[in-house]
Amino acid sequence: MSISIEQRRQHRLMTIEKSLAKRHRKENAFRRMGLMAVVTGMTLVAILFVSILMRGVPAFWQATFYMDVYFDPEVVQLEPKPERESGESQFAFNERYSQWLTRAGLVNWQTLIDNALEEALGEEVEPRQLRDLRALVTSGERYALRDRFVEDPALLGQTVELKMLASANVDVWIKGNIDRDLPDARQQLSAQTRTWADQLEEQGVISNAFSTSLFLNTDSRSSQASAGLAGAFMGSLFMMVVVIGLSVPLGVSSAIYLEEFAPKNRLTDLIEININNLAAVPSIVFGLLGASIFIGYLRLPLSAPLVGGLVLTLMTLPTIIIATRASLRSIPPSIRQAALGIGASRVQTVFHHVLPLALPGILTGSILGVAQALGETAPLLLIGMNAFVANVPGTPLEQSTALPVQIYLWQGNELRNFFEARTSAAIIVLLGLMLSLNALAIWLRKKFETRW
Amino acid sequence: MNIPAQPMATSSVSVGSGESRVSKAKDKVKMNAQDVKVFYGDAQAINGIDLDIYENEVLAFIGPSGCGKSTFLRCLNRMNDTIDICRVEGKITLDQNDIYAPDRDVVLLRAQVGIVFQKPNPFPKSIYENIAYGPRLHGLARRKAELDDIVESSLRRAGLWEEVKDRLDKPGTGLSGGQQQRLCIARTVAVSPDIILMDEPCSALDPIATAKVEQLIDELSESYTIVMVTHNMQQAARVADRTAFFHMGDLVEVDTTDQIFTNPQDQRTHDYITGRFG
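If you read the sequences in order, they're chains F and D. Taken in order, the first sequence gives residues 1231 to 1682; the numbers are from this note's numbering. Taken in order, the second sequence gives residues 352 to 629; the numbers are from this note's numbering.
Treat the hints as calculated values from the structure; they're not laboratory data. Think of the CB as a built atom: it goes at the ideal place given N, C-alpha and C, for glycine as much as any other residue. Honestly, I wouldn't trust all of these hints.
[As the list claims (entries may be wrong)] Covered stretches of chain F (in silico footprint by chain D; criterion: 3 or more residues with CB under 8 Å from a CB of chain D, positions within the stretch not fixed):
id : stretch
1  : 1564-1573
2  : 1580-1588
[As the list claims (entries may be wrong)] Cross-link-like lysine-lysine pairs, in silico, DSS-like; alpha carbons within 27 Å at most:
id : chain 1 : residue 1 : chain 2 : residue 2
3  : D       : Lys521    : F       : Lys1677
4  : F       : Lys1676   : D       : Lys521
5  : F       : Lys1676   : D       : Lys476
6  : D       : Lys442    : F       : Lys1494
Using the sequences plus the hints, can you model the full thing?
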């Protein structure tokens, strides 16, 4: 009898041991699968970042001329910059000054660049080759030259070493982003220009230098080498201000009301379902809504960051409401009961105890919602923010584009081999902005986190 | 079994089976419940309870799980208001004033009738802030010094002062479970309520901490009316002047604690205290 009990004990232990092996196998298999999923995800993210960095970083360095430019008095035939005389009215002076500016604009500044290039090349360029010569330096530089002179008229008759951007095609040629063996007909530059570019590079006149044009200039079609993100950046910034200023207070307060004060009935259930559904609505639909309400009905200006911000606010609201409600719901009810039990009113309970505890979650949710809005393109296309805008908006009512829209526009640019790098560079700027927003979210979470 | 309300209670009138309540003259009705019914949605949790609560007594609610004792306790300072599906019928008065009257301010009520919960729930703030919150909220202290006095005296009353006086700025959540519960009691005392409700205040505590809280309840009963829910019959026997037995949403029997434990009038009470069910 005792043997049979012992045998049964042994048998039971063996059965458990056998099942143990199976359990361990399953556990290990699951662990491996999880690990594989993480590794796959991380690899893909790494590939994304490496490819964007590899393509985008070279765009921060551009083919640049370092040349001596002679402000030839024969070319720059201008009387001295007017100064205000005693007894002259402000109006009369302004009149005189703007006339001088107009004449300054009529000076053929390109000739100065042509002369400098001839000097650097060490040869006389025939008039019929002028076209090839002018393909070297990007067209925006002559205006930069004019602005420089207007700023400092004492330059007249002097020779200064100046930094000028090469044209987009020369940049492509120097960086080797085009097949050098292609026949003339398929090259972007004429044979003469290519020869000169190579010669100047050898002489060290052209070198690859860090360029701020990507950050300081706006988009440009005539001078593509100096096309930059300044306008789109300001547009995005204005939109963010509108989104943060509207969606965070609106979203957080409606979430607080719905979660803490609203009676639970059919109406609030309906509202809850609708908010959840709104979060899943494709963003382009919000663009249509914005186009018909803000532009069609309210007659707000087209392409304005204000309208973009309003549309993105609509899009972000459900995200923020849901995140805030989840955060409020995660606060243990015992805290509310404690405050109510002492005699705090419901408003005091929420604002003294619940909200401070929910703050990290609310901030994180809001910032992630805003970051999502920052990267949104589709709704902006429908309210005209994909227009070509060549100036930096000074107010949220001026025309502007946004960073993601600029990426979209550049990626469609016909000068592919130049704008591919620039697109990636713009993506780097956008990603940098996103990452800093996310870092801010993490920092705020750490700062306000309270344990209980 | 139910004792009629005494509008003008006089010490000469002996109420209920009061002959055994010799310790203190506790015969002034502080709170009175008449035909109180509580519903959660369609389910009735309490089926019409009448009860008097006397000034400066310790009244214990005992009964099996789900009998409605906690629900009834929470009716006494309207904590049930926070539950949307909960509905209270009947009349509860505090000093002859209906606490469910439409013009009754629930904030004032809760300042008069404080509550201590089953699980210690200090605010995730410093010990000082935990105590100072209530008085500051109700404007009970005008100056910092007054507030300091309230904090110290409340902690002293809760028997916690000696243990925490050197770390008032440390988080209340860092204390042990028993200390946290006494902190919660001090927090309630700091508002100077007339009545303190306690919902199983010792069920999350070890025996030593329980003994401290029980001793504290005894001391507090000098100046406060205490109504406590307990699962522990020995606890009721140790600290309560009177004990009420609840069963299935009914108040079966209420009498002096001695009476309930030695000579229960109802068969259900008898079965419960002798351990037949519960």
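Hint-by-hint comparison with the structure:
1. 1564-1573: holds (count 10)
2. 1580-1588: holds (count 3)
3. D:Lys521 - F:Lys1677: holds (18 Å)
4. F:Lys1676 - D:Lys521: holds (19 Å)
5. F:Lys1676 - D:Lys476: Holds, at roughly 17 Å.
6. D:Lys442 - F:Lys1494: holds (26 Å)
Checked against the numbered hints above, the structure violates none of them.
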